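Starting from the given sequences, assemble the full structure and let the hints guide the process.
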Amino acid sequence: MLKGTIYLHKFNYFLGLVREIGGWDFLYRYVVRAFYKITKLNQKMVLFNNVEMTLPYDSRFGTEIFLKGSKLDWGSEIILHRFLDINKDFIDVGANIGYYSLLAAPSSNQVYAFEPDPRMVEHLKRNLSQFQNCHVLEEALFSEPGSMELNLNSMPELNSLVRHSPQENKVTVKVNTLDKLMSDYPLLSVSCIKTDAEGADFDILMGGKNLLIRDQPLVLSEIYPTTKLLEFIKSIEFTCFAFVKPKEEDGDNSRPKFMKIETKPTNSHIKMIFLVPNRLLSRFEELKDV
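Numbering (the working numbering), first residue to last: 1 to 290.
Honestly, the hints are just simulated from the structure, not real lab data.
No experiment lies behind these values; they were computed from the predicted model shown.
All C-beta atoms, glycine included, are put in the ideal place defined by N, C-alpha and C.
Keep in mind that a hint or two might mislead.
Said to hold, decoys possible - Taking lysine-lysine and the BS3-like style, the derived pairs with C-alpha atoms no more than 25 Å apart in a straight line are: (1) LYS247 / LYS228; (2) LYS234 / LYS209; (3) LYS174 / LYS234; (4) LYS68 / LYS88; (5) LYS245 / LYS68; (6) LYS257 / LYS271; (7) LYS88 / LYS44; (8) LYS228 / LYS245; (9) LYS209 / LYS71; (10) LYS71 / LYS125.
Claimed, not checked - FRET-style restraints, in silico, Cβ to Cβ: (11) LEU187 / PRO246: 41 to 49 Å; (12) LEU41 / GLU237: 46 to 54 Å; (13) VAL171 / SER254: 39 to 47 Å; (14) LYS257 / ILE38: 18 to 26 Å.
In structure tokens form, the structure reads like this:
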């Protein structure tokens, strides 16, 4: 029963990729990627900012990066890249093998990449070693500092501090907060933050309320825009934007629409959301029709 569920999950995952990328493009890229997986060779690719990235042959996340190119998150990364500041810092929460950190490194002062999974750290360090301004922190972020159990999924991009499964191994990891980074790094000045923490994203934001208010960073997060989240960001004068696709259109190649989100969406599929501070609001209003 468990194996059947796993196979069904994988089938639906690849079917979604085919629909999103297009049949022939998917087939070509999948065959190329399969070569590296079969030969157990790590693959290199150049990101849209002309930075080289190494994709571990056994990384599903690496496969998704190669298959989707610069549209891993429906193009959210392209928008985020526009708002990086060479004089300010970037924080990557759930860095995995370093995709967003590599996009940010040439256009940021310092990059702080948080990755608590010991299986991923070597790959992350290898990718970021080409930049002297990148710092790998082998810890997680949450609402309070301390230590927590991290559930290690067979697919590391699904690791979680808050989602538990009896089939998963666990490891105790150090936990920090965004707010505590202000005292840990007195020169810290943040332009953008990315969070992808499998259910822990809201707690991470709650643990960074003072940093969000002080630095007014642009935040890109996988968190779903619930009423609770929208009320929180409104209280600190942030606004939510995202690429949105109606669920009934999810099976075709329709283009997601970029829009402001003021209430919890219904019957919609969202990949990532932007939490936009007031200082950038007018510029995001102009992006609504991208």
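Consistency of the hints with the structure:
no.	hint	result
1	LYS247 / LYS228	22 Å, holds
2	LYS234 / LYS209	12 Å, holds
3	LYS174 / LYS234	30 Å, violated
4	LYS68 / LYS88	29 Å, violated
5	LYS245 / LYS68	17 Å, holds
6	LYS257 / LYS271	12 Å, holds
7	LYS88 / LYS44	28 Å, violated
8	LYS228 / LYS245	22 Å, holds
9	LYS209 / LYS71	29 Å, violated
10	LYS71 / LYS125	24 Å, holds
11	LEU187 / PRO246: 41 to 49 Å	45 Å, holds
12	LEU41 / GLU237: 46 to 54 Å	49 Å, holds
13	VAL171 / SER254: 39 to 47 Å	41 Å, holds
14	LYS257 / ILE38: 18 to 26 Å	39 Å, violated
Of the hints listed earlier, those the structure fails to meet are numbers 3, 4, 7, 9, 14, in rising order.
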